[in-house]
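Visitor: Here is how the chains run, residue by residue.
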Amino acid sequence: MRGGAGLNWGMSLAPGQEKVASTAEPVHRGITRRQALAAALATGVGVGAVRLLGGSMQSLAKPKAGTAMDWVSPLGSESARVMQLLRRTSFGYTPAQLDAALSDGFNKTVDRLIETNPVEPAAFAAATTPGGRFAVGQLQQWWLDQMIRTTTPFAESMTLFWHGHFTSDYRKVADDTFMYWQNLTWRRMSMTNLRSMLMQVTTDPAMLRYLDLATSTGQSPNENYSRELMELFTMGPGNYTETDVRESAKALAGWVLPQPDSTATVTVATGVTRQLPVYSTQRPGIFNTRRAFKGSVTYLGKTGPLDTQGVVDRILAQPATAQFIATKVAEHFVAAQPGAGYVKTLADAFRRSNYDMKTLMRAMFTSPEFNSAQSYRTLVKSPADFMVHAARALGATNLSTLIAGAGSGMGQSLFDPPDVGGWPNNESWISSNTVVERVNFVTSALAQIKTPLPSATEAAHQQLDSVLSSQTASLLNQAADDRARWFITLASPEFQLK
Amino acid sequence: MTREIGINQLKRRDFLKAGLVFGAGAAGLAAGYAAVPDAFARAVYAAKREGMTNDNVLVMIQLAGGNDGLRTVVPLADPSLHDLRPKLSGPMVSQALPLNSQFGLNHNLGQLKGLWDRGKVAIVQGVGYPNPTFSHFESIRIWETGDPTRRQVDGWLGKTLATAYDSNGHPLTGCACGATDVPGALRDLQATMTVIQNQKTFGFSGGSAVEAAVGALYKGTPGIYGALFDTAIATATETMATLRTSAASYQPMADYSDKVQLVYSSKNQLAAALQLAAELIVTGTGVKLLHVTLGGFDTHYTELNRHDDLMGYLDSAVGAFYQDLAAHGMADKVLIATWSEFGRRPKENASGGTDHGAAAPLILIGDPVKGGLYGDSPSLTSLDATGNLKYAVDFRSVYQEILGGHLGADSSKILGATFDSVPFLKAPVSSSV
Numbered sequence: 001m002r003g004g005a006g007l008n009w010g011m012s013l014a015p016g017q018e019k020v021a022s023t024a025e026p027v028h029r030g031i032t033r034r035q036a037l038a039a040a041l042a043t044g045v046g047v048g049a050v051r052l053l054g055g056s057m058q059s060l061a062k063p064k065a066g067t068a069m070d071w072v073s074p075l076g077s078e079s080a081r082v083m084q085l086l087r088r089t090s091f092g093y094t095p096a097q098l099d100a101a102l103s104d105g106f107n108k109t110v111d112r113l114i115e116t117n118p119v120e121p122a123a124f125a126a127a128t129t130p131g132g133r134f135a136v137g138q139l140q141q142w143w144l145d146q147m148i149r150t151t152t153p154f155a156e157s158m159t160l161f162w163h164g165h166f167t168s169d170y171r172k173v174a175d176d177t178f179m180y181w182q183n184l185t186w187r188r189m190s191m192t193n194l195r196s197m198l199m200q201v202t203t204d205p206a207m208l209r210y211l212d213l214a215t216s217t218g219q220s221p222n223e224n225y226s227r228e229l230m231e232l233f234t235m236g237p238g239n240y241t242e243t244d245v246r247e248s249a250k251a252l253a254g255w256v257l258p259q260p261d262s263t264a265t266v267t268v269a270t271g272v273t274r275q276l277p278v279y280s281t282q283r284p285g286i287f288n289t290r291r292a293f294k295g296s297v298t299y300l301g302k303t304g305p306l307d308t309q310g311v312v313d314r315i316l317a318q319p320a321t322a323q324f325i326a327t328k329v330a331e332h333f334v335a336a337q338p339g340a341g342y343v344k345t346l347a348d349a350f351r352r353s354n355y356d357m358k359t360l361m362r363a364m365f366t367s368p369e370f371n372s373a374q375s376y377r378t379l380v381k382s383p384a385d386f387m388v389h390a391a392r393a394l395g396a397t398n399l400s401t402l403i404a405g406a407g408s409g410m411g412q413s414l415f416d417p418p419d420v421g422g423w424p425n426n427e428s429w430i431s432s433n434t435v436v437e438r439v440n441f442v443t444s445a446l447a448q449i450k451t452p453l454p455s456a457t458e459a460a461h462q463q464l465d466s467v468l469s470s471q472t473a474s475l476l477n478q479a480a481d482d483r484a485r486w487f488i489t490l491a492s493p494e495f496q497l498k
Numbered sequence: 001m002t003r004e005i006g007i008n009q010l011k012r013r014d015f016l017k018a019g020l021v022f023g024a025g026a027a028g029l030a031a032g033y034a035a036v037p038d039a040f041a042r043a044v045y046a047a048k049r050e051g052m053t054n055d056n057v058l059v060m061i062q063l064a065g066g067n068d069g070l071r072t073v074v075p076l077a078d079p080s081l082h083d084l085r086p087k088l089s090g091p092m093v094s095q096a097l098p099l100n101s102q103f104g105l106n107h108n109l110g111q112l113k114g115l116w117d118r119g120k121v122a123i124v125q126g127v128g129y130p131n132p133t134f135s136h137f138e139s140i141r142i143w144e145t146g147d148p149t150r151r152q153v154d155g156w157l158g159k160t161l162a163t164a165y166d167s168n169g170h171p172l173t174g175c176a177c178g179a180t181d182v183p184g185a186l187r188d189l190q191a192t193m194t195v196i197q198n199q200k201t202f203g204f205s206g207g208s209a210v211e212a213a214v215g216a217l218y219k220g221t222p223g224i225y226g227a228l229f230d231t232a233i234a235t236a237t238e239t240m241a242t243l244r245t246s247a248a249s250y251q252p253m254a255d256y257s258d259k260v261q262l263v264y265s266s267k268n269q270l271a272a273a274l275q276l277a278a279e280l281i282v283t284g285t286g287v288k289l290l291h292v293t294l295g296g297f298d299t300h301y302t303e304l305n306r307h308d309d310l311m312g313y314l315d316s317a318v319g320a321f322y323q324d325l326a327a328h329g330m331a332d333k334v335l336i337a338t339w340s341e342f343g344r345r346p347k348e349n350a351s352g353g354t355d356h357g358a359a360a361p362l363i364l365i366g367d368p369v370k371g372g373l374y375g376d377s378p379s380l381t382s383l384d385a386t387g388n389l390k391y392a393v394d395f396r397s398v399y400q401e402i403l404g405g406h407l408g409a410d411s412s413k414i415l416g417a418t419f420d421s422v423p424f425l426k427a428p429v430s431s432s433v
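Chains as they are written, first to last, in this note's numbering: chain A, 1 to 498; chain B, 1 to 433.
In short, the hints are calculated from the structure, not lab data. Note that CB positions come from ideal geometry on N, CA and C, so glycine has one too. Watch out, some of these pointers could steer you wrong.
[Stated by the list, open to error] Which residues of chain A face chain B? A partial, calculated answer using Cβ under 7 Å:
1) Pro305
2) Ser432
3) Val435
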């Protein structure tokens, strides 16, 4: 048996444990996935799951045999609540960040997340390239470095959330400086007010390109942005008509890309030069009244002249908007299928606050649902979540190149969402391809870390709450050294969840 | 259901063993190489009935974003086309490859035209559904689940896997090639299928020690995702073993290189995905339902070059795929079908593009089809209230023919109803209508 990446398994598998055959033995399961899922849901929390108390390796020595169907929630304890909060909001934690949060406690940590202003990333030098021409991989790496090293990881988590919500992809935008600006804007606005956010989104140069508003005119409107503004960004389908799509397309027309400071002559291919725009500073799109629609429109039940702010205000006047945004954040941060009553409570608070994101997020993190046993481990970490958390757990600050390249095989390449709907979540992250790629990332990350690894003695407790499947517990017990223990910890199904 | 004696009694692992033995022997062969794997592949297909009445294969190609039907199958003689599309219509008519006096294929679909001339392309025109939605995601879901009322969750191909095949333990029965996640059409919690983004990198980078450890780690995982995780790893591990065999015994018999530089690059490498599909088919892995995707069809702006490029890219990839299958003697088993969530608005917009539309043609390719035009081309003058083309053929009629006529599955069970017949198959294996 070949040793994988220098991992020392000791004796790989205990006697009596089923070996994975090297030939292809058909895997016949007694039950189908649907039955398993249904059973897991039906048994509820706490039935027969393997839960280990305490954090030392000794307590892993005799894992209870499991016919486990669900994880036992540890959220009765404050420290488990703090750890879950950071896993769901902050790409996990470095050991130092975890210590600080544990001594602050849950409530104070929530305050800190909500009230601390985002720390701006270091300026990205390549963004002044004429025409925004640089490799997107550099931009991915720049952002990943910020996610890994920042002192305000919640801001990065929110920026990623909005990147998936108000999404754009670098392929169509075809100007990576615009993508960089969008990232800066999304971070700055991430915890502000939806009203001003929607204006910033509408006039963002990358968005103007991505959803074609920059080429729309009042005379011959392009419906792309108009439709997605309502369907994907604010209200959700079923809350507006096709007429509304056409009418707001008229009302929104007139925005064009910002004027550059100068142009530069750039050789784009041998013997081929092109004049490309140069921007010294970030700026939004500008409104060209000559391209705008002149006249009145009938939009969401009212007729009259309407400008972009007017479109945004009509959208915010619809109850569907708060409901839609509250659902999206609750699905992202709390539970795969948050209850209707819970979402309504959040939506009401959001709307009452005039769409203040801090109010919404605080209401969510301090709700009993956030820490309920039912929601424990019901969210799957996105690939970026998973990899950045792994890097932070290992105290490795040099993995951004690896992470930038590894995302696509797991289904998430930053600045390159699959479509205008952004990234899907939870079970969509799980396929034969993606889970193998997650394991491969752990193998590569551990191989890349040349310095001694941090002790893995506490890894099962700090990273996995000591709530382990019998398989994970057993493999951790057999692992011969920290490298193997870290591998099991980070490659485990437990670590894929948050 | 019929069951043959003999080869059908063999277990899957027997074939894999046979494949290993065979693969070693085949390595020494050169020119006459293709003939032998065909026999093996066909034998394996015959053995993989699993309750099905035939050994046919389906490859669905998703043209994601909403493919412009009017630029794919071009109306040649309709004067209103120019009025609707002053900027977009000119060259598309004059350069089209005529199918008859009324319609022509996009000028970049030269290989498909060649197959059309040989009677291997069926085009169903005016495909859609009642009360169309213009949302990508709603319409994709409708096509994926075969349900315009949007009540169904499982995909129509996923249901087919679950009801017509024993995919449990045969994860390659359904496969998404070139993807990272399970496409909605294949999704069904009772079905097992494989997702392979890239054949060359699909494996555990840590080798067999990691494979063994991960196999032990992902067993009996609790929680609502536990079974999904465990299945993903079990499926991947078995697929890796299969791919080791198939890669060794597969020799492409066509040029899959991308000949077209796309203006708006697509992340979906269709040619590579179809090459993997060909490998899985001709090496007898037992694959039945394959799904591949080509993105970039949401042509709201500068459609002229972008759409032509996409057509050329599609043409070269599908052309190579057919040629490869034919050279391996498997073309008679494989039906290739395109689908897209909607067509595009007949009237062009200010950006030199077109907005979301409704009815569009659907193209079926392969030896099983009876070449020709089916359905009805929608009128360009009698548009619906949204300025879109009215559909003539429900997309589920096409699914019904594929399910019943090509796969021999119970289409009414999978689709929940029966639909008008569109007889585009040469020799339908059964009819559930």
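Visitor: So, for every hint listed, does it hold in this structure?
Guide: Tested hints:
no.	hint	result
1	Pro305	violated, 20 Å
2	Ser432	holds, 4 Å
3	Val435	holds, 4 Å
The structure shown violates just one earlier hint, number 1.
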